[in-house]
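Student: In order, the protein sequence lines correspond to chains A and B. Heads up: the first sequence at position 109 corresponds to 109 in my numbering, and the numbers run straight through without jumps. Heads up: the second sequence at position 40 corresponds to 40 in my numbering, and the numbers run straight through without jumps.
Since the hints were made in silico from the structure, they are not lab data. Treat each hint with caution, since some may be false.
Stated by the list, open to error - Computed beta-carbon distance windows for the label pairs: (1) A/W186 / B/A14: 18 to 28 Å; (2) B/A36 / A/Y143: 49 to 59 Å; (3) A/W186 / B/D47: 55 to 65 Å; (4) B/D7 / A/R7: 33 to 43 Å; (5) A/I119 / B/G10: 25 to 35 Å; (6) A/T150 / B/D47: 45 to 55 Å; (7) B/Q51 / A/Y143: 21 to 31 Å; (8) B/I24 / A/L130: 22 to 32 Å; (9) A/I119 / B/R52: 51 to 61 Å; (10) A/N180 / B/A36: 40 to 50 Å; (11) A/R67 / B/D7: 48 to 58 Å; (12) B/V28 / A/T19: 13 to 23 Å; (13) A/C126 / B/V28: 19 to 29 Å; (14) B/I31 / A/T68: 20 to 30 Å.
Unchecked claim - Below, in silico cross-link-like pairs of lysine-lysine (DSBU-like), each with a Cα-Cα straight-line distance of 35 Å or less: (15) A/K205 / B/K34; (16) A/K211 / A/K223; (17) A/K70 / B/K34.
To be verified - With the C-beta cut set under 7 Å, the calculated list includes, among others, these residues of chain A facing chain B: (18) Q34; (19) L43; (20) V93; (21) L206; (22) T213; (23) L217.
All values reported here derive from a predicted model rather than from experimental measurement. Idealized CB from N, CA, C, for every residue including glycine.
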Amino acid sequence: MYGKGLRPLAIAAAIATITALGLIFFFAPNDADQGFVQKIFYLHVPMALVAMAGFIAGGVMAIAHLRTGKRSWDMRSYVSIHLSIILGLGVLVTGAIWAKASWGKWWVWDEPMLVSFLIVFLLYCCYQPLRFSIEDPERQARYASVFAITAGAFVPLNFTAVRAAQSFIHPEVLSTTGGNLPGEMWITFLVSLLAMGMLFVTLWKLELTSKHTSDQLRRLRGKLERAAEEAPAERGAPTGQVPVAAGTS
Amino acid sequence: MPALPLDEAGGYVAGAYVVFVALILLYVVIIGSKVARMERELETLNDLADQRDR
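Only chain A is shown next, with the shape it has when bound in the complex (with noise of 0.2 Å):
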């Protein structure tokens, strides 16, 4: 079901990282002001926006959900946030090590990006631990998805205020002005924020389509051992419990 068109996708997706990695190395020229290092710029930016969309879609799927009332949304939007979750870490080392490489300190506490960003991430981390300190399948969806929606709304707040927030340290990239970049800088992180979409996507349907074989299997054991305890004598099966496979949980 979820797995359906995941080889094209994933195809996609990587020749759209190997040719953002060729105009990140060997097409966009180096900045005037940051020379080589600005690289990480094309890793950093398109990984925090695709974390930040990935957020904001986790609210909407869950938005699906309660009025569905469908698991199969709560599930995309729990995904969703989990992806997310570890773009955003990748997004506060990535700009950790640009930090130290462009301003000599690994972490500047007074810019309003930084910590904003990292009040996020530390909020949707609450969001795991919620989830699983609830027992009962429908309440934790029905939690989680109130969750997901709260924190969702705040994203885009949050980004909107940041950017009101004028800062002079941190450069912006989608400016009303166009973000300054030459065109063939532009063009490279369009490319790779391309190539960071489609690489989210692809793994969003991979954890999904993992998660949805992982329920069926237990359903379909689930039938096996009722089929074993209804009919025990007749096929000489033994009683009770299905054997389990080394090492599933």
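Got chain A; can you put chain B on it based on the hints?
Tutor: Then chain B, alone, in the frame of chain A:
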């Protein structure tokens, strides 16, 4: 701060890209191990279904 020389800047750039690749690789390995586990369970269930059919 003035731009770093290429040899020093290269280390930072490589570090950032390695972090990204490592994160993605780790993620794929975790998903891969889950798929392998499901494959083993599927084999077990298949064997059980075969036993019941006999």
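Student: I'd like to know which numbered hints this structure contradicts. Please list them from smallest to largest.
Tutor: Of the numbered hints given earlier, those the structure breaks are 2 and 7, listed in rising order.
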